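Peer 1: What follows is the residue order along each chain.
There are 2 protein chains.
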Amino acid sequence: MAKQIPDIVIGRLPVYLRALQQMKQEGRQVTSSQELGERLGISAAQIRKDLSQFGEFGKQGTGYNIEYLANQVREILKVNRSWDVIIVGAGDIGRALAGYNGFSERGFKIRGIFDNNASLVGSKQGEFTISDSKTMKEVIQTSGIKIAMIAVPAGHAQQVADQLVEAGIRAILSYAPVNLNVPAGVRVQNIDPSIHLQRMTYYLE
Amino acid sequence: MAKQIPDIVIGRLPVYLRALQQMKQEGRQVTSSQELGERLGISAAQIRKDLSQFGEFGKQGTGYNIEYLANQVREILKVNRSWDVIIVGAGDIGRALAGYNGFSERGFKIRGIFDNNASLVGSKQGEFTISDSKTMKEVIQTSGIKIAMIAVPAGHAQQVADQLVEAGIRAILSYAPVNLNVPAGVRVQNIDPSIHLQRMTYYLE
Chain C
133 MAKQIPDIVI
143 GRLPVYLRAL
153 QQMKQEGRQV
163 TSSQELGERL
173 GISAAQIRKD
183 LSQFGEFGKQ
193 GTGYNIEYLA
203 NQVREILKVN
213 RSWDVIIVGA
223 GDIGRALAGY
233 NGFSERGFKI
243 RGIFDNNASL
253 VGSKQGEFTI
263 SDSKTMKEVI
273 QTSGIKIAMI
283 AVPAGHAQQV
293 ADQLVEAGIR
303 AILSYAPVNL
313 NVPAGVRVQN
323 IDPSIHLQRM
333 TYYLE
Chain L
133 MAKQIPDIVI
143 GRLPVYLRAL
153 QQMKQEGRQV
163 TSSQELGERL
173 GISAAQIRKD
183 LSQFGEFGKQ
193 GTGYNIEYLA
203 NQVREILKVN
213 RSWDVIIVGA
223 GDIGRALAGY
233 NGFSERGFKI
243 RGIFDNNASL
253 VGSKQGEFTI
263 SDSKTMKEVI
273 QTSGIKIAMI
283 AVPAGHAQQV
293 ADQLVEAGIR
303 AILSYAPVNL
313 NVPAGVRVQN
323 IDPSIHLQRM
333 TYYLE
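Listed in order, the protein sequences are those of chains C and L. Our numbering puts the first residue of the first sequence at 133, with every later residue one more than the last. Our numbering puts the first residue of the second sequence at 133, with every later residue one more than the last.
No lab work stands behind these hints: they were computed from the structure. Possibly wrong hints are sitting among the right ones.
Each pair may be met inside one copy or between any two copies, as identical chains are not told apart.
No farther apart than 20 Å at their CA atoms in a straight line, the calculated lysine to aspartate or glutamate pairs in the EDC-like style are these [to be verified]: (1) K269 - D224; (2) K156 - E167; (3) K241 - D216; (4) K135 - E337; (5) K135 - E259; (6) K256 - D224; (7) K241 - E337; (8) K278 - E337.
As the structure is a prediction and not an experimental result, all values here were calculated from the model.
Isolated chain C, as found in the complex (with noise of 0.2 Å):
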């Protein structure tokens, strides 16, 4: 693609893509940006211009054709296609990750989930046995992984993350909350609910 989009457009996609799947399961048909922006507290006018930077996917006055549009924006966003990923850490939250089982309608598959723990490594959760994370380097090599998620205690977040980027990882989605440094070209999503929780209560009185 020639330009360049905003970040901000992006982040909205996945938004948009969830949104469209939830009303396909509806059995609904035919969407309107109208109804789009009502459902996600985002306006008519945002969403239209947000999807004109990628093309033309609705006509006026008869909306959009939901599963259309999912597709075009799946494709957009490459996952139409299966992404390996991998789980750093088996706590509760890599736990709750590897039992999870919504990623694989969304374009992800879950390929191994690490720790260094002893006593863990070995271990069943769920379909997954917790490997050694010594293992980790060769398996994102061998597999050419690009996407891992780390659930580990915030004092050794920075330290995986290193690994995981010399080994190959390019997107990594983090649920430890500090900051992480990672070399440009590799892109970090945080997860961290006190930040979620702290953006409300500005709002409350």
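Go by the hints and put chain L onto chain C.
Peer 2: Below, chain L without anything else, positioned relative to chain C:
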């Protein structure tokens, strides 16, 4: 505050606060918008502009006093006090949230964890005893709780959200991968790992 601050600015303040707290833990006393920006991947100009919406927190050339700025941001976000929070759903995610000890220093206190599964009710989860969801409304109203975290299956999330709002909850952090409909005046934040992963695949080769 008379003027309306854009929500996207509010959304960055908790991220600044986390970085400031991290610097303080490192024993640092002074920082700059440049340094903060490098840590966070945000431009120094953006950080200065965001903070200037709320006042004058640093002197040209001498930077920001970390503790002072952190306290100011805490006050803006209203997390210079402790907010009571409940957790609904005692599965893997709910238990991880109940066991996470990072809330208190960020302005939150977990006051209870609820589930409608009779086989879980009454069992201990760390320092908490899992309560019956039937008692949720009374606890919320008696204690005047305004914030809840939803960690129930997707199919139950809307129903739980309706109950919470009816009981008086005004801010919901949801781990269920669905868009929740709530009345005006209630805020929702979603934590959905697929959304974050899909935002990064766009940039992968």
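Peer 1: Each hint needs a verdict: does it hold in this structure or not?
Peer 2: Hints versus structure:
1. Taking the closest pair of Cα atoms, K269 and D224 never come within 20 Å of each other, the shortest separation being 23 Å inside a single copy and 27 Å across copies.
2. For a Cα distance limit of 20 Å, the shortest separation of K156 from E167 inside one copy, 14 Å, qualifies, whereas the shortest one across copies, 46 Å, does not.
3. Taking the shortest alpha-carbon separations for K241 and D216, only the intra-copy value of 5 Å comes in at or below 20 Å, while the best inter-copy value is 37 Å.
4. Taking the shortest Cα distances, K135 and E337 sit within 20 Å of each other only across copies (17 Å), while inside one copy they are farther apart (43 Å).
5. For a Cα distance limit of 20 Å, the shortest separation of K135 from E259 qualifies neither inside one copy, at 43 Å, nor across copies, at 53 Å.
6. Within a single copy, K256 and D224 get their C-alpha atoms as close as 14 Å, and across copies as close as 15 Å, so both meet the 20 Å cut-off.
7. Taking identical chains as interchangeable, the C-alpha atoms of K241 and E337 lie at most 20 Å apart only when they sit on different chains, with a minimum of 17 Å there against 42 Å within one chain.
8. Proximity of K278 to E337 under the C-alpha cut-off of 20 Å is restricted to the inter-copy arrangement: shortest distance 9 Å between copies versus 44 Å within a copy.
Consistency with the previously given hints fails for numbers 1, 5, ordered from lowest to highest.
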